[in-house]
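Here's the letter readout for the chains.
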Amino acid sequence: GAVVSQHPSWVICKSGTSVKIECRSLDFQATTMFWYRQFPKQSLMLMATSNEGSKATYEQGVEKDKFLINHASLTLSTLTVTSAHPEDSSFYICSARDGGDRLTRAYNEQFFGPGTRLTVL
Amino acid sequence: GDSVTQMEGPVTLSEEAFLTINCTYTATGYPSLFWYVQYPGEGLQLLLKATKADDKGSNKGFEATYRKETTSFHLEKGSVQVSDSAVYFCALSDLPGGSYIPTFGRGTSLIVHP
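Protein chains in written order, with the working numbering: chain V, 538 to 658; chain Y, 42 to 155.
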């Protein structure tokens, strides 16, 4: 089955530093990847949609300069939290949509990464 | 716009009890419907899905039927286990204009006691 990995699985950083989170599709090409943020005991909040080779589309209220997204290849998208602050501490989850041969069957399905726990001190 | 409404949790059950988690949706098109499960500290895993009306998705003893007339996709399991304790998310995907826009419910926490 389709596998999506995230790295790191957890990270602790000091306030003011930047943190990069990687999301990789391991066995399929992901033309579109999604970045979510999840607060404790709450649902996923879609932050942005990342399309390979083009600028990401951010949801309303998400700061583009704060959360930099790069989707440089069909298997890798990165989220960089710039100048992180304690309020940025959260669980960040990426997902990918398979745009390959299984288009008809998997077109509407997302495959999720295991998540990255960010703690900003 | 599209939306998904789930029953609020937590749902607390004893092992081998019957489970129902309600989910209703609002969509402009003909969405696909999903249930995802999230175990503590992990990402989401697809549990089951249904892509058209009257389809029944099933996996690991869980079932949900796509009911267009009631716009519902309730999750059921006949006999829950302690290992089923997790948060369950109902979700839909619609294709307005050919684009994919995921919509999730708020999640329902399930706690199963031995």
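There could be a bad hint or two in this list.
[As the list claims (entries may be wrong)] Which bits of chain Y does chain V cover? Going by a derived footprint, with three or more residues having C-beta under 8 Å, they are:
1) 79-86
2) 147-155
[Unchecked claim] From chain Y, some residues computed to sit far from chain V (all C-beta separations above 12 Å):
3) Gln47
4) Leu54
5) Ala58
6) Ala94
7) Ser99
8) Lys101
9) Gly102
10) Lys109
11) Thr111
12) Asp125
13) Ser134
14) Thr144
Worth flagging that the hints you see were computed from the coordinates, not collected in a lab. C-beta: ideal position from N, C-alpha, C; glycine also.
Ascending list of hint numbers which this structure does not respect: Violated: hints 3, 13, 14.
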